[in-house]
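> Spelled out from the first residue to the last, the chains are:
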Amino acid sequence: MSMFRSKKMDIGSFLNIHVIRDHTKRKVYAQFEPERQALRHIIRNTTLPARTRAEAQLQLTQMHCYTRPTQIRGRCLMGGKGRGIFRDFKLSRYNFRMQALEGNLPGVRKASW
Amino acid sequence: MAVPRARLLSLMKAQCEIFSTTYNPDGIRMGNKILRQRLRGPSLAKYYPPKGPSLNELLKDFKHLELEGVNEEFEDWQEHIAGFVSTRATMGF
Numbered sequence: 001m002s003m004f005r006s007k008k009m010d011i012g013s014f015l016n017i018h019v020i021r022d023h024t025k026r027k028v029y030a031q032f033e034p035e036r037q038a039l040r041h042i043i044r045n046t047t048l049p050a051r052t053r054a055e056a057q058l059q060l061t062q063m064h065c066y067t068r069p070t071q072i073r074g075r076c077l078m079g080g081k082g083r084g085i086f087r088d089f090k091l092s093r094y095n096f097r098m099q100a101l102e103g104n105l106p107g108v109r110k111a112s113w
Numbered sequence: 001m002a003v004p005r006a007r008l009l010s011l012m013k014a015q016c017e018i019f020s021t022t023y024n025p026d027g028i029r030m031g032n033k034i035l036r037q038r039l040r041g042p043s044l045a046k047y048y049p050p051k052g053p054s055l056n057e058l059l060k061d062f063k064h065l066e067l068e069g070v071n072e073e074f075e076d077w078q079e080h081i082a083g084f085v086s087t088r089a090t091m092g093f
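Protein chains in written order, with our numbering: chain A, 1 to 113; chain B, 1 to 93.
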């Protein structure tokens, strides 16, 4: 959501709205992670009264969707694509192939046997 | 040789004190595994590379060393705007 978005762009990779959105979600998740973990701890602690735990459950589900880790998705640094990303290189499969063939990825070479 | 349960429990308690873990002989779910998890947020937030300085900022930073350069893209843009404004003026807007 735009209320979480930083006023000045602070990333230097390929930019489109999906990348900006994902970056915002990552920052919001980092900000709210302690709160989420505290609520998760309360929910899973069976020694606490049932009412407290139920309230914590409600509170966790009512947090903004940008604070959820499941909203975060690996995106390509060169093309912003959201599918077919190599996690180790943060590149989509096409960009990975192009960079690897150009020799920009250390230690990567085309298989041949 | 069977070891009495009380003795094992006291050993477990001592272990927990030494390694500062929670003494929980009955295996009650206390949610401590959540507290043991590390925070993933900072590493997730660093996924995209930070923005580097722009050419204009670099030129400004190195001016005191008497290093000068031309930001061609910026000047082309300025010329384009100047041309646009002058054509508008001749058309009488």
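Just so you know, the hints here were simulated from the structure itself, not pulled from any lab data.
Mixed in with the good hints there might be a few duds.
To be verified - Quick partial rundown of chain B residues pointing at chain A, CB under 10 Å, derived from the structure:
no. : residue
1   : Met12
2   : Ala14
3   : Gln15
4   : Met30
5   : Gly41
6   : Lys46
7   : Pro49
8   : Thr90
All residues carry an ideal CB built from backbone N, CA and C; glycine is no exception.
> For the hint on B/Pro49, does the least C-beta distance to chain A fall short of 10 Å?
Hint holds; B/Pro49 Cβ to chain A Cβ min 5 Å, cut 10 Å.
> Holds or violated: the hint that B/Met12 contacts chain A, with Cβ atoms closer than 10 Å.
This hint is violated: B/Met12 lies away from chain A, its Cβ roughly 18 Å from the closest one there, beyond 10 Å.
> For the hint on B/Gly41, does the least C-beta distance to chain A fall short of 10 Å?
holds, 3 Å
> Hold the hint about B/Gln15 up to the distance rule: shortest CB distance to chain A must be less than 10 Å.
Hint violated; B/Gln15 Cβ to chain A Cβ min 21 Å, cut 10 Å.
> Taking the least C-beta to C-beta distance, is B/Met30 closer than 10 Å to chain A?
holds, 5 Å
> Return the status of the interface hint for B/Thr90: holds when the least beta-carbon distance to chain A is below 10 Å, violated otherwise.
At about 37 Å, which exceeds the 10 Å cut-off, the nearest Cβ of chain A leaves the hint on B/Thr90 violated.
> Per the CB criterion, is B/Ala14 less than 10 Å away from chain A?
violated, 23 Å
> So, B/Lys46 near chain A? Judge it on the closest CB pair being under 10 Å.
Hint on B/Lys46: holds, closest Cβ of chain A at ~8 Å, below 10 Å.
Of the numbered hints stated above, those contradicted by the structure are hints 1, 2, 3 and 8, listed in ascending order.
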